[in-house]
Amino acid sequence: MSFLTIQEREGGEEGTTHLEEAVAACRAALTELTRERVPLDWAKVQINLGAALRSLGERKKDAALLCEALEKQLMAWEVSVMDSPPIATSAANNAKSTLTILKNTFALSTYETCVAKHVEGLKRIGLF
2 MSFLTIQERE GGEEGTTHLE EAVAACRAAL TELTRERVPL DWAKVQINLG
52 AALRSLGERK KDAALLCEAL EKQLMAWEVS VMDSPPIATS AANNAKSTLT
102 ILKNTFALST YETCVAKHVE GLKRIGLF
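Here the numbering used here is used: the first residue of the sequence shown is 2, the next is one more, and so on.
Mixed in with the good hints, there may be bad ones.
Stated by the list, open to error - Straight-line Cα separation of at most 27 Å, DSSO-like style, residue types lysine-lysine; simulated pairs: (1) K118 - K104; (2) K124 - K104; (3) K118 - K62; (4) K118 - K61; (5) K61 - K97; (6) K62 - K124; (7) K104 - K62; (8) K124 - K97; (9) K62 - K97; (10) K104 - K61; (11) K118 - K97.
Simulated from the structure, these hints should not be mistaken for lab results.
Start from the sequences, fold in the hints, and give me the full structure.
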């Protein structure tokens, strides 16, 4: 199930059930769609997982979920940048959005902690 399907199904709900289901489904998919076997499919699932984690983190006001979302988005970019520019662009746009949410929602120290954890990936992607 794609993230967009989950997002559309929620229809503006304030709950997190569908987002939690999306996270679980993506994690389950990653057990079969491995980076080694199908790198671009793996990257697409990482983007969807990152998007679901970002929405869940935003709803729950949980910076750790947003930082994990950023990690997934950066990993997807790394894998796809040479072989699939559209996937890489999607990953980069999602990472930028996640950074914006972190910066605008949480204390500066929380934002800086997440950035420090992923600074090398952020530099490679051109966001730092």
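Decide if the proposed pair is consistent with the structure: K118 and K104, CA atoms, cutoff 27 Å inclusive.
-> 15 Å, holds
Do the alpha carbons of K118 and K62 lie within 27 Å of each other, as the hint requires?
-> 19 Å, holds
Distance restraint between K104 and K61, which requires alpha-carbon spacing of 27 Å or less = Judged against 27 Å, a Cα distance of about 16 Å means the pair holds.
Between K124 and K104, does the CA-CA distance stay at or below 27 Å?
-> Holds: K124 and K104 sit about 17 Å apart, inside 27 Å.
Take a quick look at whether K118 and K97 sit within 27 Å of each other, Cα to Cα.
-> Holds - the C-alpha atoms of K97 and K118 are around 15 Å apart, at most 27 Å.
Keeping to a limit of 27 Å between CA atoms, is the pair of K124 and K97 held or broken?
-> 12 Å, holds
Given the hinted pair K62 and K124, is their alpha-carbon gap at most 27 Å?
-> Holds: K62 and K124 sit about 26 Å apart, inside 27 Å.
Is the Cα-Cα distance between K62 and K97 27 Å or less?
-> 18 Å, holds
Starting from K118, check that the Cα of K61 is at most 27 Å away, please.
-> With a Cα-Cα distance of about 21 Å, the restraint between K118 and K61 holds, given a limit of 27 Å.
Take the C-alpha atoms of K61 and K97, compute the straight-line distance between them, and say whether it is at most 27 Å.
-> Holds, because 20 Å separates the two Cα atoms, which is no more than 27 Å.
Mind checking the alpha carbons of K104 and K62 for me, to see if they're no more than 27 Å apart?
-> 12 Å, holds
In the structure shown, no violation is registered for any of the earlier numbered hints.
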